[in-house]
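**Q** Here are the chains, one letter per residue:
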Amino acid sequence: MTNKPDPNSTSNLGGVGGGRMPTYVGMPSFPKAAREAVADSRLRANLAHATGTIRERRQRAVDELPDWAELREAARQIKDHTLRHLDHYLMMLEEKVTAAGGTVHWARDADEANAIVARLVEETGEREVVKVKSMATQEIGLNEALAERGITAYETDLAELIVQLGDDRPSHILVPAIHKNRAEIREIFQRKMPSAPADLTDDPAVLAEAARRHLRAKFLSAKVAVSGANFAIAETGTVLVVESEGNGRMCLTLPDTLITVMGIEKLLPTARDLEVFLQVLPRSSTAERMNPYTSAWTGVHAGDGPSAFHLVLLDNGRTAINADPVGREALRCIRCSACLNVCPVYARAGGHAYGSPYPGPIGAILSPQIRGIGSDVDASLPFASSLCGACYEVCPVAIDIPRILVHLRARAPKKAPERLAMTAAAWSLRTPKRLAALQRAAARGRRFARHARMPRSWTDTRDLPVPPAQSFRQWWKEGR
Amino acid sequence: MKIALFVTCVNDTLYPQTGKAVVSILERLGHEVDFPLTQTCCGQMHLNSGYPHQALPLVEAFTTTFEGYDAIVVPSGSCAAMVRDWHSTVAHEAGREDLAQRAKSLAPRVHEFSELLVDVLGVTDVGAVFPHRVTYHPTCHGLRMLKLGDRPQQLLREVDGLELVDLPDATECCGFGGTFALKNADVSAAMCADKVAAVKQTRAEVLCAVDNSCLMHIGGTLSRQRSGVRVMHLAEILASTA
Amino acid sequence: MTSARQAILGRLRSSGDPAAEYEQIARDYLIRHHEQDLRELLAERLADYRAIVHDAPVSELPTALREGPYVIPPDLPAEWTAGLADRVVTEPYDLEAVGGVITGCAVAIAETGTIVLDHGPRQGRRALTLVPDHHLIVVTPDQIAADVPEALARLDLTRPLTFISGPSATSDIELSRVEGVHGPRTLEVFLV
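Protein chains in written order, with this note's numbering: chain A, 29 to 508; chain B, 5 to 246; chain C, 3 to 194.
Hints are supplied without guarantee of correctness; some may be wrong.
What the hints assert, rightly or not - Pairs of lysine-lysine residues, derived as DSBU-like cross-links and limited to a Cα-Cα distance of at most 30 Å, are as follows:
#1 443(A) x 60(A)
#2 505(A) x 151(B)
#3 187(B) x 204(B)
#4 6(B) x 461(A)
#5 505(A) x 204(B)
#6 246(A) x 220(A)
#7 6(B) x 442(A)
#8 6(B) x 108(B)
#9 151(B) x 204(B)
#10 6(B) x 24(B)
#11 60(A) x 151(B)
#12 443(A) x 461(A)
#13 461(A) x 442(A)
#14 461(A) x 24(B)
#15 6(B) x 187(B)
#16 108(B) x 461(A)
#17 24(B) x 443(A)
#18 187(B) x 151(B)
#19 108(B) x 204(B)
#20 6(B) x 204(B)
#21 505(A) x 443(A)
#22 461(A) x 60(A)
#23 251(A) x 220(A)
#24 24(B) x 151(B)
To be verified - Listing some non-contacts, in silico: residues in chain A with all C-beta distances to chain C over 12 Å:
#25 108
#26 134
#27 161
#28 187
#29 195
#30 204
#31 236
#32 438
#33 448
I should point out that these hints are in silico values taken from the structure, not numbers from a laboratory.
The beta-carbon is built from N, C-alpha and C at its ideal position, and this holds for glycine as well.
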């Protein structure tokens, strides 16, 4: 199986979203992909270790603020308000960015966004761009689209670099190489990084140093950078990138041309709203009081940073999601990845099983909404959850993920045998008489239950319960 | 006080001892228990599997059966959560505003078993005797939707002879999740394997919870592994006397 | 043919009064989490993220210098670099060839251990504090804000802003934090 997303296989099955996002070639349904992951003990150990570490640290960072619940509620309300008036705030943003010397572009879907970025790069005469980690450009498959036009995109975030050098796919929103441990990363660097020293160890600090040296010349010579955006402020036209390593600062500051691709839901009305989001995002994502670096810029700043700034506003299914009164909550997402880190399903299945740049609980509700619910993998994603609710509990913008999963399950195409079984079960449960008949049948079959090996999906690992000789209702009716 | 029992279809069919235990405890405490025979199922499986239209008649039947009672007890965390948090939504989304209103007004009178004892009846000591080492698994619906907190542990701590031991990583889901256990059997089994390992680590004789469907899953694995650990619904432990 | 702009905005047509609704947003969170000893808190929180903190007058700044020339913005107060004439060079200068950079800041946030540069007075353009490996920052008492809301209220968002909390770091390997990637690997703060 090839690991790379195929730009030609963007799915647009006319589903809910009407967006386009790469499906990975031959991507099986979630349960199939998860089966392989569950059997990979090294992968499970890597994931358990990484998510276990961050989980405890996040809890400590959150517990430090006695007003966490109030911050979360304000964050939720600000996002909902913005989504209700998105047209108003988008026009305001456009006006302010333009007034500050930037250029705003609008893209209905992935293809339009990719074409805009490719054209802007070509207009500079450059064939290389440096990139800040961005979910939006992952979503639209920008690197592959640029490669088709002969433009090379260099990922500069450490984890993205690991994924790119390893010819791999991202498996986590914040830490795309979470599935790799230090020894595996060292091996990739030794193989693919010409500047890596011969005595490279697997000490994370040493690996980070190797990445620093590898990218230094790139940063200093790059003429064009592509970024995403964590937030944009409508009132001022300011765009923000939240990061840790300084690769973002390098890309946002040193090149002459900066192109930012931003989902239209990233907007916030005013500067004041940042006081909420700059508190909840770092604590939820990296479990820090504040991430090492946040950059904010408004259009172009004379004598400081890029002389040309382009902002590409991306729809790609978002307007359709915003029209769904239940599903629209997903657009509050600030990509912190707290839901991935607490999800027991993600910890065992890994990110690749979700067949999308958006893995984990948020991916299970975003991908089918963006791409539509037609493909095997998209139809299986809403079911990739035990509905335990841990994701909702930690979400800093209070997205009720289980609620949306249930909502999407109703819309997912079902296989005929399952539909039949569910209809039969509903029929049996509709009246007490039918239920009693079912119970009598179960009681008659009780001696078989102990040895039953059906359904295999249950009995492979668990014994079946043995039905009692007498149901509760029968006991009650017979005067106890 | 007159209390209606919604035993749930799973308990009714597979675990009648849980329903009997609830009846015996409430009667021991001097309350009258009614079991309206028109009850069947809350519709949770259908809703969570993506068949809300199949759940709708079950929502209606539940509402009709129980709306005349002042207090309804449910010995299942997930079914109690289904009734309280979902019934009116299912009706609303089906365009049945009348039913949505009825379900909404019924919801606050529906209590999970430990809630009924601690919050409504105000008791934690029900006079039970159970001289065994017990660990408690807080099921996801109990923990995150009903927010039962330590109500079940409060009840267990008052049981004579019972030694309550903490379950490591207690708040982790066991991996049941209804049809999730079948549709995503591999992930479900992997989750359960970790839960079972945690249970064994406690060296408890009995694993207790407020939901027999989770216990069916964990207990089925414990039994397959011949671990010797029994699973029991909270009500069954509280019904035990010397 | 409709433009992408028209198509997207057309699908979002909203009603109501955004300004009035915006005022209704519940903001019941705290404006600050600590009332006093902000200087102490800032020092503690900066150190938590492996910044080197000096609770010392600016006259001690020379002791912190390491090898190589240190670059400074042209408007840095002369007393900050008193006696350092042979060690400092003024912008513009080849930033790859310096040992470090000395600047002031716009605001510091005690609660989070953050220094905010707005690249105004005493701070220079953004590249200045990015490329050199050692960043020395002088924070004056009046620049310390208790918490994020107060800091934002003091800042002009239309200026280029850089929020710095400790030296460059990454959590990309096994989600454990390591300091020192692309930005300055040493952050040293003088609370004067």
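**Q** For each hint, tell me whether it holds in the structure or not.
**A** Here is what the structure says about each hint:
no. : hint            : verdict
1   : 443(A) x 60(A)  : holds (16 Å)
2   : 505(A) x 151(B) : violated (34 Å)
3   : 187(B) x 204(B) : holds (27 Å)
4   : 6(B) x 461(A)   : holds (25 Å)
5   : 505(A) x 204(B) : violated (39 Å)
6   : 246(A) x 220(A) : holds (16 Å)
7   : 6(B) x 442(A)   : violated (43 Å)
8   : 6(B) x 108(B)   : holds (21 Å)
9   : 151(B) x 204(B) : holds (26 Å)
10  : 6(B) x 24(B)    : holds (16 Å)
11  : 60(A) x 151(B)  : violated (34 Å)
12  : 443(A) x 461(A) : holds (29 Å)
13  : 461(A) x 442(A) : holds (29 Å)
14  : 461(A) x 24(B)  : holds (21 Å)
15  : 6(B) x 187(B)   : violated (41 Å)
16  : 108(B) x 461(A) : holds (27 Å)
17  : 24(B) x 443(A)  : violated (39 Å)
18  : 187(B) x 151(B) : holds (27 Å)
19  : 108(B) x 204(B) : violated (42 Å)
20  : 6(B) x 204(B)   : violated (40 Å)
21  : 505(A) x 443(A) : violated (39 Å)
22  : 461(A) x 60(A)  : violated (39 Å)
23  : 251(A) x 220(A) : holds (24 Å)
24  : 24(B) x 151(B)  : holds (25 Å)
25  : 108             : violated (9 Å)
26  : 134             : violated (4 Å)
27  : 161             : violated (10 Å)
28  : 187             : violated (4 Å)
29  : 195             : holds (18 Å)
30  : 204             : violated (8 Å)
31  : 236             : violated (5 Å)
32  : 438             : holds (23 Å)
33  : 448             : holds (38 Å)
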